[in-house]
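Asker: The lines below spell out each chain.
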Amino acid sequence: MKKILRAIIILLIPILLYYGLFLRFEPNNFFGLRAETPSGAVFGAIRQYRENPSASVIVGDSRTAHLDMDRVEQLTGRRFSNLAFGGASLKEELDLLDWLLKHYPEINEVVLGSSFYTMNAAYNFDRFSTIETALANPFAYLTSKSYNLEAMQNLIFWLQGEKLGGGQDETEDPANYKWADFTTPTGYEVSLRGEIGNYLEKIAPYTEKWEPNTKQYERLLELIDSCAEKGIRFVVVFPPMHPAVREYDVEARGIDAGMAPLLAGLAASPATLLDYELTSPPDFAEDQYFDGFHLDYQRGLPEWTEMLCEELR
Amino acid sequence: MSFAALESLTANWPMAFSSVHFLFFLPLAAGVYFLLPKGKIRQLWLLLASYYFYFFAAPKHLIVLLGGTLASWLLGLFAAAGKAPKNRTRRMVFGVALLVFGLCFFKYNGFFADILSPAFKALNPALDVEAFKKGLSGYFTTGEALGISFYTFTAIGYLVDVSRGDVPPEKNLLDYALFIGFFATVTMGPIARAGSLLPQLRDNTRRFDADTAAKGLVRMACGFFKKLAVADTLTVFTGAVYGNLAAYSGGTLTLAALAFMLQLYFDFSGYSDIVIGAAQIFGIRLPENFKNPYFATNFSGLWSRWHISLSSFLQDYIFTPLVWSRWTEKLPAVGKKVKNPPVLSSLFIVFMVSGVWHGDTLCYLVWGALQAAFRIGEELLHRAVGKPKKKPSLPVRIGKTAVVLVLWMESLVFFRVGLEKDGGVMAAAAALVRQFRFVSPATVWGDLVAAMQTGFFPSPLIALLFIAFTLGCLALAFWADWVQCFRLKGGDLAAGIMGLRAAPRWAVYLLLTLGCFAGFIAISGGFDGTSFLYAGY
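Sequence order for the protein chains is A and B.
Quick note: the first sequence uses our numbering, first residue 7, plus one each step.
Quick note: the second sequence uses our numbering, first residue 2, plus one each step.
Only chain B is shown next, with the shape it has when bound in the complex:
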């Protein structure tokens, strides 16, 4: 098969969790897995299936994944070969530095091209800067390698755990490659820990468990509903507004910020439900990524319930080592004056790393700085007035949650503008300011209807139906979140649905199916290139 034919095949059968291809892929991969005899052949099949998934999702990036897997496996063995702990740590630091270099090389090449081009222009005034930038980023890579931020962090966590002696080095390349490239985690996480995922992947004696698989399927259905029926329908509005930010002001911008806040949550938590459910079908338990963060009453709570696998990674591998290292005491001149562990400064560093991890533009740095400011501000407030009551009254709780959500929503304006190709920090700041201009409710409504008509036949009736559908699905998804948080006390929503009596259970199944189907058509079955928001990180 020629390269062109292969390219056309992958273009005609795009792979994403919300694609037609995945609907065929998953039952086939799981069916064959359980039909195969128990033994290494199952791991081999799962690895081949994972690479097949990745190849169809990002054909040109598979080579980067393979290279990263081999390199990090060798670095793990190298780190473990150190005899003394200090020696192991030095080897680990070397390995981490190499992996971070690889991440920067493949993820931030456009950023470096931007930085380097003025210097080269100074050396050679005749240089065509645009052609140079294009050539430089094109030479290094074929674009931001899919999932590189996620699997690099997985590999870094593995290296640190190996050097600490928390997990033994994985000597089998097959098992290690599956750990890094497992289809359910490779593109957008959750960032799994070796100590938890590797033993599960190594276990090739599992039997198919219909009950677990059914729970996995219901969880996937909930995830698809969040993604297709809620997040993707909200995209129609947020995409129209943020795609032409300068044209809007006042309530429209506030509404778009609110819509994006909801879209981001339902998109990413929907994704997490899909992959956690898919892995569950194979009998594999992935770490939770979200625990109803929009009911948090402070930023500490929000960050312990939002993108948990990344937050806990940053806490375990950056924040805690920084605090314990008492790095501020080693600073020249001011170091001697420092007496307390560097909690707040380490928090700042962690959030800045989080910002840079999300993207290479100033918008993400500002977003990271804002999160640091909110979190540190909260810490200082607690120090000044004392920690609040553990169980405040309902109005206080609602008020605190509202404050957290408003601050979070406004900070996400930078995050969303950062997703636009030419989105700059000034454009985001201007959009924030313009929210305070008065715009009549009729104008906001007109903007909403017009945006909803984008890409649809310009029938106001269809736009109104679409708005009603979006609001209905949003209300349902939010209600489900509320039930999970307060009634099930953070328990398994899928198990909760399966525990309902027959009539309401089937009503929920039907709603999920129809909502997912309508959302699936709204994204043209994934053929229009629609993906998950976090697929770009």
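This is chain A alone, in the form it adopts within the complex:
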């Protein structure tokens, strides 16, 4: 028996070493072992919401996850809980929303952050069942394929010298901008800031296969109708994106034409549509964007937060 136990312990050593790395690089600081939790880490947000639920909720991806919620409360006069998380797909947003509306009948206002990117059938991650289970069983988190892959991805980024995390760090002094000549994945020869050029390459594997996620889109319309029947205010927000992404990716691939009927359908629905992405982009300067999708935390996000809250008010 001792021999068996000894062998098992020896064989567990590489797995324990792996989990040492996992805990260092996993995307959510799930166990709270690291000093900093990245903004938009879904588990922390759900835990907080369970402890202190509110009637107004925000669901979306990293572009809405980084909103300064104190500022939002100040500007709108009501408390919003931000449950948006980085990399969320439309399916995951709707799954989370279904779960929230089922468990928290006091919700009377929903803000859903969307994008041409999340409306993409090729971007259809499905992690919510894992999220729900992981909240009850941490082994589901430790063994989740998605979070293990994300941890390994973060490890690769870290080895390449990139900063991990997000939110508060998504700002850069324009004096440090590095410009370079890029050939975009759609074939344009342009001079772009490094963060923007790299971003075009980063999103290309999904955008080159772009097609509307009809199933989830119809689900969204059904949810909007059902919320309208229950008297729940529903707002669909498309946050701003860098003009280069629009020009060299969205328009170059004809995604804007594919999005037009989807936006028209949303505009005709009982939801309020706030489209800062394609139809009504704000006139932001280069230094107000951090990268292709995210606003600079200091120079861009506060201004957009005011614009958004003005509408929400």
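The reader is advised that the hints may include incorrect statements.
[To be verified] Partner residues are not named here, just some residues of chain B that face chain A (Cβ under 7 Å, in silico):
1) Asn13
2) Val21
3) Ala211
4) Ala215
5) Tyr510
6) Thr514
7) Phe518
8) Ile522
9) Ala523
10) Ser525
11) Gly526
12) Phe528
[What the hints assert, rightly or not] Pairs of lysine-lysine, DSS-like flavour, derived with a Cα cap of 25 Å:
13) A:Lys208 / A:Lys151
14) B:Lys216 / B:Lys39
15) A:Lys221 / A:Lys97
16) A:Lys8 / B:Lys61
17) B:Lys122 / B:Lys108
18) B:Lys108 / B:Lys216
19) B:Lys388 / A:Lys108
20) B:Lys401 / B:Lys292
21) B:Lys292 / B:Lys390
22) B:Lys388 / B:Lys490
23) A:Lys8 / B:Lys39
24) A:Lys9 / B:Lys216
Treat the hints as calculated values from the structure; they're not laboratory data.
C-beta atoms are modelled at their ideal positions from N, C-alpha and C, and glycine is treated no differently.
Given the coordinates of chain A, assemble chain B onto it according to the supplied hints.
Answerer: For chain B alone, kept in the frame of chain A given last:
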């Protein structure tokens, strides 16, 4: 505890042999079993542990298992109470009919709903057929009860053995319930025989044997490797192709058929290794289910080495009685002309039963018919040209094995399409035909990489690493199979590994552990609902 809380508990701690829950369950169940004093209490503990396992695997189906256990136990006593052999046989037939009815009731309700709905629609044109079908199958059961095909066949075998006088009827309900519900066999077999398993389960005086347990653990590790590192990684490709069959053709479909053939074998034989190893820890020997079938040189050999517990069940309880009954001689009009025992027609019936047992769609019937055609064709060929040499030359053997595997692989297209919710026999046939369309190797490679990226970050590097990992694990598993078949002459692979010198032995242990771990993460620790292919039968 409320029902909703219980439901959420079972959802958050899903149980399968490839789940985190099982990794806690097994040592606890075995540890307590051997710590308990020798006596009935051990059987009681093992039964409770088995029901705990089953409850967390399929909470809503436990009631069906309990009902089936009680009913078959009573039917066994009823059959044994018959005084004359004929009387016992009549009682046994009644019992078997009841069990088969129960199996159909709980397994094929969707099929019956499909058949009945047009008739009801004719009677009531205003009927909403879809709502009716949903209501009908929902009313009868909560879905296909987990393991029902396996434990019903175990119970049928018991009833027949009791009526024949091969085993005495089990008077103790506790022992009988453990025989039917033993966690290692209840979900997917092996279909155990009462004469072999019941005495082992009754024996509550066993001591913990570290050597046997170690062999069991190594065997389980081999099984986990086959399942997690090989079968589940192949699923990424086969799932993507068969989930969107119409989008592929040519070499991609052939590659997917080949991948599924390997996946099915490594999935089910991996499962068999896991449960046989787990039972071994308790000192219980379960029947072997696989003996390197992909090295068989004919279909007779393939079927005597593939899913052995089912094949031998079909042979002992259907084929042999059919042949001995000379049922064809009793047919009206043609019966008098029949002189030979009905071997070929009985073979056909057996394979059709096997097809229906696997599923209620036409795909499985076609698959069963194809197996019958291959087996009968082989028999007719032997009759026409004589039986082949027992030890043919190596090239002949390789050629024969290749022919068997190609036919088997193509027939499994129907089997795999049958697993899809809307998979029809026409879709499978079309996929077979489209295999012959030419598609450039670059397209096949592109399809493979794209399929491997499904569910992963769309990095070609990760997809390539994943393909390399899959091929490496597949090669290792196949090599192990080859060693077991030819070097160990079908012997125990676990004992073979444990007999290696320290360095290679630890290298194998490490490879198994890391391969299993990587595969375990690939299925999200069993939390993503991934199960064994045969869990659906």
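Asker: Decide, hint by hint, whether the structure agrees.
Answerer: Hint-by-hint comparison with the structure:
{"no.": "1", "hint": "Asn13", "verdict": "holds, 4 Å"}
{"no.": "2", "hint": "Val21", "verdict": "holds, 4 Å"}
{"no.": "3", "hint": "Ala211", "verdict": "holds, 5 Å"}
{"no.": "4", "hint": "Ala215", "verdict": "holds, 6 Å"}
{"no.": "5", "hint": "Tyr510", "verdict": "holds, 6 Å"}
{"no.": "6", "hint": "Thr514", "verdict": "holds, 5 Å"}
{"no.": "7", "hint": "Phe518", "verdict": "holds, 6 Å"}
{"no.": "8", "hint": "Ile522", "verdict": "holds, 5 Å"}
{"no.": "9", "hint": "Ala523", "verdict": "holds, 6 Å"}
{"no.": "10", "hint": "Ser525", "verdict": "holds, 5 Å"}
{"no.": "11", "hint": "Gly526", "verdict": "holds, 3 Å"}
{"no.": "12", "hint": "Phe528", "verdict": "holds, 4 Å"}
{"no.": "13", "hint": "A:Lys208 / A:Lys151", "verdict": "holds, 21 Å"}
{"no.": "14", "hint": "B:Lys216 / B:Lys39", "verdict": "holds, 23 Å"}
{"no.": "15", "hint": "A:Lys221 / A:Lys97", "verdict": "holds, 9 Å"}
{"no.": "16", "hint": "A:Lys8 / B:Lys61", "verdict": "violated, 40 Å"}
{"no.": "17", "hint": "B:Lys122 / B:Lys108", "verdict": "holds, 23 Å"}
{"no.": "18", "hint": "B:Lys108 / B:Lys216", "verdict": "violated, 36 Å"}
{"no.": "19", "hint": "B:Lys388 / A:Lys108", "verdict": "violated, 68 Å"}
{"no.": "20", "hint": "B:Lys401 / B:Lys292", "verdict": "holds, 18 Å"}
{"no.": "21", "hint": "B:Lys292 / B:Lys390", "verdict": "holds, 21 Å"}
{"no.": "22", "hint": "B:Lys388 / B:Lys490", "verdict": "holds, 23 Å"}
{"no.": "23", "hint": "A:Lys8 / B:Lys39", "verdict": "holds, 23 Å"}
{"no.": "24", "hint": "A:Lys9 / B:Lys216", "verdict": "holds, 13 Å"}
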